[in-house]
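Single-letter residue listing:
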Amino acid sequence: MDQMTDLHALERDITERIHQAGDEAALEEARIASLGKKGAISERLKGLGKMSPEERQVAGPALNGLKARIAEALETRRGELKEKALEARLKSETIDVTLPPRPETKGTIHPTTQVWQEVIAIFADMGFSVAEGPHIENDWYNFGALNIPPEHPSRQEMDTFYLAPKEDGSRMVLRTHTSPVQIRTMEAEEPPIRIIAPGRTFRSDSDRTHTPMFHQIEGLVIDETTHMGHLKGTLEAFCKAFFEVEELKMRFRPSHFPFTEPSMEVDIGCQWVGGELKIGEGEDWLEILGSGMVHPHVIRAGGLDPEKYQGFAFGMGLDRLAMLKYGIPDLRAFFEADLRWLRHYGFSALDMPSVAEGLS
Amino acid sequence: MKFTVSWLKDFLDTDASAEEIADKLTMIGLELESLSNPAEALSPFVIAKVLEARQHPNADRLRVCMVDPGTGETVQVVCGAPNARTGMIGVFAPVGSFVPGTGIELKAGNLRGEASNGMLVSERELLLSDDHEGIIDLPADAPVGTSYAAWAGLDDPVIDVAVTPNRPDALGVYGVARDLAAAGLGTLKPLADAPVEGTFKSPIGVSLAFDGDDSPCPLFVGRYIRGVTNGPSPAWMQKRLRAIGLRPISALVDVTNYMTHAYGRPLHVFDAAKVKGNISARLARPGETIEALDGRTYTLDETMTVIADEAAPEAIAGVMGGEASGVTAETTEVFLESAWFDPVRTAATGRKLNLNSDARYRFERGVDPAFAEPGAEIATRIILDMCGGEASEILLAGKPPIREKTIGLRLSRVESLAGVRIDPQRQVDILEALGFAVAGAGDDVVVSVPSWRPDVSGEADLVEEIVRIHGLEKIEHVILPRLEAVTTPKLSVRQRRRFRAARALASRGFNEAVTWSFLPSDQAALFGGGETRLKLDNPISTELSDMRPSLLAGLVAAAGRNADRGAESQAISEVGQVYLGDGPEEERLHASGIRQGMTGSRSSLAAPRAVDVFDAKADALAVLEALGAPVDKVQVMADGPSWYHPGRVGTIGLGPKNRLATFGEVHPRVLEALDVAGPLVAFEIDIDAIPVPKAQRAARGALNTSDYQPVRRDFAFVVEEDVAAEKIVRAARGAEKNLISQIGVFDVFRGASIGEGRKSIAIEVTMTPDDRTLTEAEIEAVSSRIVAAVEKATGGSLRR
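For the record, the sequence lines run as chains Z and G.
Residue numbers for the first sequence follow this note's numbering, so the first one is 9 and each next one is one higher.
Residue numbers for the second sequence follow this note's numbering, so the first one is 8 and each next one is one higher.
Just so you know, these hints were derived from the structure itself, not from any lab.
Glycine included, C-beta positions come from ideal geometry on N, C-alpha and C.
Any given hint could turn out to be false.
Covered stretches of chain G, going by a simulated chain Z footprint (3 or more residues, C-beta under 8 Å) [said to hold, decoys possible]:
#1 30-43
#2 388-400
#3 487-494
#4 527-541
#5 611-624
From just these sequences and the hints, can you work out the full model?
In structure tokens, the structure reads:
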């Protein structure tokens, strides 16, 4: 038989076999049968050595060409098979993506904590540091130093919680306001002083808007020049930032507190729209804080000279701020740890209040 | 403090409307509580004439009235009042009007076959009095068709203001008028306090019987009035008293109420015929009793002042009069008392007796000592006008305790303290309008304080008076100057940790709660508290009696309530103070949490498992790490507080005495006591125990990575049951500190093959060389050291 005819037949056979190969194994068999050590093409290549130079000149290129073509055919087929196999695998791996993912629990931050940090963010931007004081206070810090004489009605048991009497008959009190921190700060720091003091306070009172424990935030500025204009400017700046409104109606009313003179209460404008409280504009007023110029007696009690130093102080309810801003109706629920409430009114751990990023 | 606009106008000459007055009051510190006009509710009711009243054909007690309400049309009304009669003038309520006394809106009706289109009303139906004997019967000249409220003078707005405790002077209409006049809302009229000439000497004498110290009652003004007739007070007075919510009783009683509210001057009127001998002010004798005008009997003590006759106390001074000498309709002789009582003592007396009155409210804030006598003169004149009779000479015991107070004021102080420039003359004008006297010229003046302002004692008080009348709204807003270009950190480490703890826990799925600082005694005891010094002397309830020694009690109790409401799984946390003593340093900041139920809800992908101690341990470690605690250095000890399961509790610390946190399963007995179903795991972190790192540099240390392959080897040790895994890990780590980068515990096995009372603990040790690839021989050597160290530390052996 003509050698070339033989090669053509061989190529046809091998190519056919490669095409027929249904999987990697069959394809490997075809490769071994053709290009393997004892494969049909390899055997023939080995025969080249026995050929005459003339024969070799013809047969050599023909065989090498065949080898190259088969190798390529093998490679092509291998690619096809791989693709087919992947397709089959992917098809078999289909899942129902509408199934819910593995459940995760979502935590929340309590509204009081959230507002606590919002208030800090605003006042820190205005240069106020955060100060603290104990919840269990002595009579001096809670009353005496704050110009509240022993016979003042707020000292009576209706409002103040006392601890059991000590051996000397004196009783510690649960601080009724955050104002003792004013005295502790003046004792510890030299003016200029700018602090806020947020924290728990206690009064013997209980209804929809009063609970025996609640949170207040105190503010204190002491230097040689701060006056009521600064107090008004500071409170306006705070209220606008906190309630995130550009326009805010405010009303400053003369009032009375033993520890400030002159004293004033501050109202903000509001209105009820469809059962929801809108802060800023409107015909109604909401009282939100008490404030005034620190009483000379208080400055002296803090160890400073009231002839030289002056400044302002203010106090407001943190929980109440949270209620107003976030539309939370009942103060008592703040302290009941009802999961449904915590989840509904709580904030994400990622909602970190920041003046730059926004507060809420 | 309530009053009507017409009452105010007795003292203030003004054209201002009720609204203007109300707004101004708020802006000068007398905060408006309410402004209401009773006439508004009465606007539908008109004066009408009964043209004809005839017997109802089908009802004995009803009449059919043809009424002319002034509209030109006649309306038929069926009326049951006995006094309904032809020709009378009454008050008509048309169909559609709301009758305040019945709470019903009138509809057209038919009564036993006769149409009725409205109603003729009684005083009670308009809430004007209790009178329901018949329908309102007006004089024949009452103008038909006009508003009844306007005709009856009920169109008189009622103003209610909140008076701060420093302003006793504003507890009378006259004092309010003075403030309004100073604020430019009109002119204050002079007091009509001309003395009444006494025509005889009082048969009753008065004295102060205090053994030297007259401070409980330094002044007693008295007067005898004889020949009085104590009928009802005139309509104008009744109307005023009713408008502010007081019930008119009789002329003599009403005059004292009127004086209290008109002038802030409480008075008392005794029935002189019932007084035995002379009257004195003295301290009560211990155990003395008095039946007061409220009908209750009070037992007095030696700290209380009484007004007594020669037999017994007749009044609790400054608080309430006695029933025995009270005036009645038959009273003809009276003794009028206008005294001054010590505010502190009066307050203490009222508090001890739990007795409130309008008089006490004023005396404990401080009534004007200079007004006792003028007040008596005004009251005398009113009594004589209303009841007739004649007055004795004034009796005076003691003298008014007037504080002669002068204050130096720099007129420039208003600007430096209040931030508003006010013309000096305007400042002086304001002070004088309020009754202060100003002497001197230039910036430094001397101001005398009027007797009715016990609250004013310093320069700042005067600044307040000036700016409140001038108007706080006139103070310009100023932003505080910045003290630094860029804000520096404002929180302490402790303050930052509070919020980081809260947020770390929220990110781990905890719902942050805030629970009470106080709890029931038995719960405090369960959690290591209950000490006497941390018990409230006056708790609001027994549920809130002791300061909390731990945050867990509140959280566990909350978990119980949530479970009762259907929560199957929960994780709640709190960051807050616990109280280990009553000193500032004994208030510790804790972060705690509880987990109950499953790790998640049911899912097709992964079955949830029950939460266990290791969830609580992971929480504690995660929070510690978030707070910057050196968690790579902590050790875990298998012990902890009594409120945990004794076999399932751990303490995380930097040593046995430096404890940072505890975790574990809450003791079943504690859960039972709190009525909460378990199991429930918990942790508590003592934030204040975590060391504060020394000033940290922002820069991190250089990153050292090893180019050489880490090697991992597994070891299993058989040890006695009571050997803690931590001990094995520590021993292994100690065997080759530099090379070992990590040790994990991946299996704990118990079984017959190992033996009773023993367990096998398998660890994976990772060795990370940094300068070479470890040879088999080196690895072998390290392994041997690990085995030896663990065997030595635990008494166990390598499992083969």
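Now the hints, each set against the structure:
1. 30-43: holds (count 5)
2. 388-400: With 0 residues closer than 8 Å to chain Z, the segment 388-400 of chain G misses the three-residue bar; violated.
3. 487-494: With 5 residues in contact (Cβ-Cβ under 8 Å with chain Z), the coverage given for the segment 487-494 of chain G holds.
4. 527-541: holds (count 3)
5. 611-624: holds (count 4)
When each numbered hint is compared with the structure, a violation occurs for hint 2 only.
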